[in-house]
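In order, the protein sequences belong to chains A and B.
Sequential numbering from -18 applies to the first sequence in my numbering.
Sequential numbering from 173 applies to the second sequence in my numbering.
Computed cross-link-like contacts, BS3-like style, restricted to lysine-lysine with a CA-CA straight-line distance of at most 25 Å:
#1 B:K256 x B:K225
#2 B:K458 x B:K238
#3 A:K255 x B:K372
#4 B:K255 x B:K348
#5 A:K255 x B:K376
#6 A:K68 x A:K112
Chain B residues, not near chain A, derived (Cβ > 10 Å throughout):
#7 Y187
#8 A191
#9 G240
#10 G247
#11 R262
#12 F270
#13 T378
#14 C469
#15 P479
#16 Q494
#17 P499
Just so you know, these hints were derived from the structure itself, not from any lab.
Beta carbons: idealized from backbone N, C-alpha and C, even for Gly.
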Amino acid sequence: MNTQDRQPLLEVRDLKKYFKSAGGTLKAVDGVSFTIYKGETLGMVGESGCGKTTCGRTAMGVYPKTGGLSLFDGEDVHAMDRAARLKFTSRAQIIYQDPYASLDPRMTVADIIAEGIDIHGLASGRNDRTKRVYELLDQVGLNTEHANRFAHEFSGGQRQRIGIARALAVDPEFIMCDEPISALDVSIQAQIVNLLIRLQKERGLTYLFIAHDLAMVKHISDRIAVMYLGSLVELTESTRLYENPVHPYTRALLSAIPIPDPDVELSRTRIELKGEVTSPIDPPPGCRFAGRCSKACDKCRTETPALREIEPGHFAACHLV
Amino acid sequence: MDDLLLKVEDLRVSYHTYAGEVQSVRGVSFDVKRGETVAIVGESGCGKSVTAKSIMGLIMDPGEVKEGSHIWFEGKDLTQNTKKQWRDYRGNECAMIFQDALTSLDPTMRVGKQIEEVLLVHGKASRAEAAGKAVEILRRVGIPNPEIRVREYPHQFSGGMRQRAMIATALVCGPKLLIADEPTTALDVTIQAQIMDLMKELQKDTGAAIILITHDLGVVAGIVKRICVMYSGKIVERGNSADIFYHPHHPYTWSLLNAVPRLDLENKQSLMTIEGTPPDLLDPPKGCPFCTRCRYCMPVCREEEPPVTDFGDGHEASCWLQDERAPRTDAEFMHNLKKQENKD
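Work the whole structure out from these sequences, hints included.
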């Protein structure tokens, strides 16, 4: 895609989300900025607990923000009135991680999918509603006879397809995919990812794809943002990120991905990450990654590095690059 | 000393449900030598966890290990065990770690106490010694400040720590066989790498054999010597690691290998998927179980079970494509493999 005629769809600027907890202030998202352009997929990766889901949800206005700004097509997501908010939900949708918890067990599949259609009054009548549901089922690879069944009658992969159909029902421009595949088997993961890629091509969708599986994220994303403890540490095009990762955390993450090839696997050296993600409750000053970083120096422990452009389109937050 | 530790022979396990008899495991045979690592790979519902549970004697009503199944552990048939013999064996000779460490550890019991319990039940230590041993084993599996950590509860541990604590519980009696059922599926990649390294290291120290159960071929590449690929209650292909990754012969193995995106492949290419779902084990197909999802399916596949073809060096596959009358069709897979090799 040409860089000049890219139009920003979701702009997030210095977004902050703090939670009050017993031990102090939990800084789940602490000054995150990124832009998602129309028609692209931005992948967001990081370990569990790093705040990627919270970041996505705050950007979508699901959670009230603590600070910063989230603009959807130029409009502040958090300052919308009821009518604007309703309009927004027909343009932006979410696919959730857990296909077992995110579908109402007491509703039929048709009602789950058509809920958005009903709320936004998109169907002209009962027949039109049914027709739309059938079309959506067909698009996500389910049978029309599935419409009157309940969610518990389906396997994990099929449930995720129902979740996708529900998101598509209002014909959105933007979908936040919050770990849509991590609860699924490897072979089913591939089916869902192929489906998401196909739908993007057919409908010109824009995705924010949140996951911890870097191999899959690289496969689907145009650009990738790497998150660590509430802030972005690196952001660039996906191929560049894999060819030339500059942040020590990104490097460690990449080297931890298992490769299905014994010769490669036995010969590669892994950058070992000691310990686990530290607590985001009242974090100390300096780089959040300093405690686990093998290259950390004194500056890293006192001064927080800012995300800066190290080459065109390649951002990193590290004092050492 | 006899090299063979475990030999599973024609294992059949069924669950009796209101809908009928679900044949979860349908004639599985494999063996494990002392100190080696064997992987069982397959999708959910293929019977890999049921196989593991049978080796641990954990098949409960309505499940049933069928007549004619044998599990030989050091020359003794476990299927003839009494309850008492199972109790002595479990945790002592053979231990298991599970996918979800939070539900597998007792939330109301201090971590140290759970480890001590194993020692006390098997009479491996006195109460006084057990406390010291618990600290020692926690340190061994890489938990910082074990003296403090033994007094904590599982919910105070992070996911990776809990998995380490579970490994400690499993290894404290020095079992000869460790069964790891999806030990890293719930963990992040960085923690997964740490846990796999830990298991490799502990195996070197203790000499325990490991059966690693997983659905992710990527995880097993760096750790195991031999792999069994399971599909709908049967082993469809087995062989050493290099054979399975570089010269697989079963279409199911091809699909499994191609379903994983590789970092060195082009973006947004369609991944090769396995369409459809595994067969219903209430009424298993009479031919090859994979025939409905296999793109190379021939009429014979639906009618008759494929014979086992031996490729030498323990590499076997059950597929009609290996019959000399069948057309050669692994071109597609080989093509992909070449593309990957060139890029490497």
